[in-house]
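Model the placement of chain B on the given structure of chain A, informed by the hints.
Line order of the protein sequences matches chains A and B.
Using the numbering used here, read the first sequence as starting at -10 and increasing by one per residue.
Using the numbering used here, read the second sequence as starting at 68 and increasing by one per residue.
Don't read these hints as lab results, they were simulated from the structure.
Fair warning: there could be bad hints in the mix.
[Unchecked claim] So the derived list for chain B, only partly shown, Cβ under 8 Å to chain A, looks like this:
id	residue
1	Tyr99
2	Gly108
3	Gly172
Since the structure is predicted, the reported quantities are computational estimates derived from the model, not experimental observations.
Yeah, the Cβ is synthetic: ideal placement off N, Cα and C, and Gly gets one too.
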Amino acid sequence: GAVVSQHPSWVICKSGTSVKIECRSLDFQATTMFWYRQFPKQSLMLMATSNEGSKATYEQGVEKDKFLINHASLTLSTLTVTSAHPEDSSFYICSATYRAAKNIQYFGAGTRLSVL
Amino acid sequence: AQSVTQPDIHITVSEGASLELRCNYSYGATPYLFWYVQSPGQGLQLLLKYFSGDTLVQGIKGFEAEFKRSQSSFNLRKPSVHWSDAAEYFCAVGVAGGGNKLTFGTGTQLKVEL
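In isolation and in its complexed conformation, chain A is listed as follows (with noise of 0.2 Å):
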C-alpha cells in the first residue's frame, strides 16, 4: 500500500520549453503533496507543499511563476517548469501523505529532467 507514482522518470527538453511532472497516489486519496528538488550527491530540498483544491505552499527562495504546481485532486499533483534553463536541470522528487498517516511521507521514484 501507499504508492505513489511518478511520471515521467527521465525527460529531457529544449532551453525555452516547459516540462510537466505527473505524481500520484495510486491506492490512497492524499490529503497533502509535497515536492522536492534533489542535486547529485545532496540531500533533498523541499520546494513546496500543496493540498488538493488550495494553492501550493512555496519554500523561501523557489520562484512561484517558474515552478508551477497544481493539486487538481487527491491522487494527482503536478509541478510545471516553465521556460526551462540548463540550471534547472536536477532530480525532482514528489511524496504524499494521506490522512490516517499524515506524519509519513511516501515517494515516488523521482523525475531526472536535463535541459539543454
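Chain B only, in chain A's frame:
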C-alpha cells in the same frame, strides 16, 4: 527550526559485518524521526519511523534504530549487512504541527565490500 546532522558522508563495510549510521537532530521537543533509503536514480523508501513509545524501533530489511533523547540521536543499525544494502541513507525529522514537513540530513552513502 529543527535540523538534522548525519556526520558520516561515506561508510564502507564488508558484507556480513554490522552497521551503524549516525543521526543527530536539533529540536526542543520530541520530534518524529525517520530513516529513508535511496537507491541510485530512485525515490526514497521508508525504512522505519519513531513517533513515541518504545525507543527501539524495528523496520524493514532487518534494520532497527534507537531513539536516545539524552543524546538527541536516532542511529540506524543492522547486525549483518548484505551487498544489496549499498545505497544512500537519509535521516529526517518532522515536528508536530509542522504541516507534515520533513527536514532531511545530508545523507550517508553506504558501500558494501564483498
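Status of the hints after comparison with the structure:
Proximity of Tyr99(B) to chain A holds as hinted, the smallest CB-CB distance being about 5 Å (cut-off 8 Å). Of the supplied interface hints, the one on Gly108(B) holds, with its beta-carbon coming within about 7 Å of a beta-carbon of chain A, less than 8 Å. Look at Gly172(B): its Cβ gets to within about 7 Å of chain A, closer than 8 Å, so that hint holds up.
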